[in-house]
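Q: Could you build the full structure based on these sequences and the hints that come with them?
Heads up: the protein sequence lines correspond to chains V and R, in order. According to my numbering, the residues represented by the first sequence are -1 to 64, in order. According to my numbering, the residues represented by the second sequence are 83 to 323, in order.
One should not assume that every hint holds.
Among chain R residues calculated to face chain V with C-beta under 8 Å, some are [said to hold, decoys possible]:
{"#": "1", "residue": "Ala150"}
{"#": "2", "residue": "Leu153"}
{"#": "3", "residue": "Leu154"}
{"#": "4", "residue": "Leu157"}
{"#": "5", "residue": "Leu160"}
{"#": "6", "residue": "Arg161"}
{"#": "7", "residue": "Ile164"}
{"#": "8", "residue": "Ala278"}
{"#": "9", "residue": "Ala279"}
{"#": "10", "residue": "Leu282"}
{"#": "11", "residue": "Val284"}
{"#": "12", "residue": "Glu285"}
{"#": "13", "residue": "Trp286"}
{"#": "14", "residue": "Ala292"}
{"#": "15", "residue": "Leu296"}
{"#": "16", "residue": "Gly299"}
A few chain V residues facing chain R, derived, Cβ under 7 Å [stated by the list, open to error]:
{"#": "17", "residue": "Gly45"}
{"#": "18", "residue": "Val52"}
{"#": "19", "residue": "Ala53"}
Hints listed in this document are in silico derivations from the structure and should not be mistaken for laboratory results. Note that CB positions come from ideal geometry on N, CA and C, so glycine has one too.
What follows is each chain in one-letter form.
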Amino acid sequence: MSAFLRSLRSLLLGETWTIPIGVGVSLLLAAVLHSVLPAALWHEGGGFVLAALVATTLTVALWSGR
Amino acid sequence: MAVAAGAVGIEMLEALAIVLAVGVERRMRDAVIGALAAALAVVALGAAVGPALASGADLSALRLIVGALLLLFGLEWLRKGILRMAGLRRRSSSYDEYVEERALLAGDPGVGQTDWAARLVAFKGVFLEGLEVGVIVLALAGSGDRALPALLGAALALVVVVGIGLLVHAPLRRLPETQLKLGVGVALTAFGTFFAAEGLHVEWPLNDAALLYLGVGYAAFAWLAARLLSAQHRPRAEVAA
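A: So this is what it looks like as structure tokens:
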């Protein structure tokens, strides 16, 4: 049963904690920026900010989580 | 539709490898029973949870949740794919999984007895892969007006994979799975970023075409990261040799 739960955890969250934590932090940061930046600026550039945060998460996962 | 077909096809290939291994090494009947039970469990779970999720949340929150889920899957597939392309991880192969699973299951189930071990292994393999498929299809189908293409893509992949399973297991060996998984990882990450940003009230330049430039950007990133990791790894391997 524990092996099954381990497989389930690995399937939903991945093999390392870097990606789930990175995705959570990225979305949290994006939400904070959304609330503090002027609406027009966020509407036009927010997507690229999120994409950059996602790319950073992937970079950290690749170079630290092997 | 293509993303759903790709993701479902790859996950189902992995499930097929496990079912074939169980069937060949133990008994096909027990493998199929285990696989069918798992498929029913996944469908029941999806039918119970999916509509409740879609009807209970407002569209922005739903897009954010969908985006987060797709990012979790997409980034994990991308990470593994890049490491494989860089030579830091064994290449993905359902055929290898099939061979390994057969080796683990070697033994006689006993004539006339129910082979619960075989059923359980087939159930676990299909249930876990099916759950991932279910989450991806629900995520793609549940955000806006994309339900029909996502379901069509999933159905198409299912037909193709079952067709492969009915023919022979040999085609498993010939698929470029590493590249396919990397491509699906790029697509899922692009969709995840797109939906999560829309959930946070972003208006993408060029609307849905943003998926294209996000995909191109992540693909370029993956290519560059694989080259860098490969270059970093090579001197160490040469020293070790």
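Q: Could you run down the list of hints and mark each one as holding or not?
A: The hints, checked one at a time:
Using the Cβ-Cβ criterion of 8 Å, the hint placing R/Ala150 at the interface with chain V is satisfied: the shortest such distance is roughly 6 Å. Look at R/Leu153: its Cβ gets to within about 5 Å of chain V, closer than 8 Å, so that hint holds up. Restraint check, R/Leu154 versus chain V: the minimum CB separation of about 6 Å is within 8 Å; hint holds. About 5 Å separates the beta-carbon of R/Leu157 from the nearest beta-carbon of chain V, less than 8 Å, and the hint is met.
Checking R/Leu160 against chain V: minimum C-beta separation of about 6 Å stays under 8 Å; hint holds. The beta carbon of R/Arg161 comes within 5 Å of a beta carbon in chain V, closer than 8 Å, and the hint placing it at the interface holds. Taking 8 Å as the C-beta cut-off, the interface hint given for R/Ile164 holds, the closest approach to chain V being about 6 Å. Nearest Cβ of chain V to the Cβ of R/Ala278: about 6 Å, under the 8 Å cut. The hint holds.
For the restraint placing R/Ala279 at the interface with chain V, the shortest Cβ-Cβ distance is roughly 4 Å, inside the 8 Å limit, so the hint holds. For R/Leu282, the suggested interface contact is upheld, since its CB lies about 5 Å from the closest CB of chain V, less than 8 Å. Here the hint on R/Val284 is kept, as its CB sits about 4 Å from the closest CB of chain V, short of 8 Å. A least Cβ separation of about 5 Å between R/Glu285 and chain V falls short of the 8 Å threshold, and the interface hint therefore holds.
Against a cut-off of 8 Å between C-beta atoms, the interface hint on R/Trp286 holds, since the closest Cβ of chain V lies about 5 Å away. For the restraint placing R/Ala292 at the interface with chain V, the shortest Cβ-Cβ distance is roughly 7 Å, inside the 8 Å limit, so the hint holds. At its closest, the beta carbon of R/Leu296 sits 6 Å from a beta carbon of chain V; the interface hint therefore holds under the 8 Å criterion. For R/Gly299, the interface hint holds, the least distance from its beta-carbon to any beta-carbon of chain V being 7 Å, beneath 8 Å.
For V/Gly45, the interface hint holds, since its Cβ comes within 7 Å of a Cβ in chain R; the closest pair sits about 4 Å apart. Taking 7 Å as the C-beta cut-off, the interface hint given for V/Val52 holds, the closest approach to chain R being about 5 Å. With a least beta-carbon distance of about 6 Å to chain R, the hint placing V/Ala53 at the interface is held under the 7 Å criterion.
Violation of the numbered hints given earlier is absent; every hint is satisfied by the structure.
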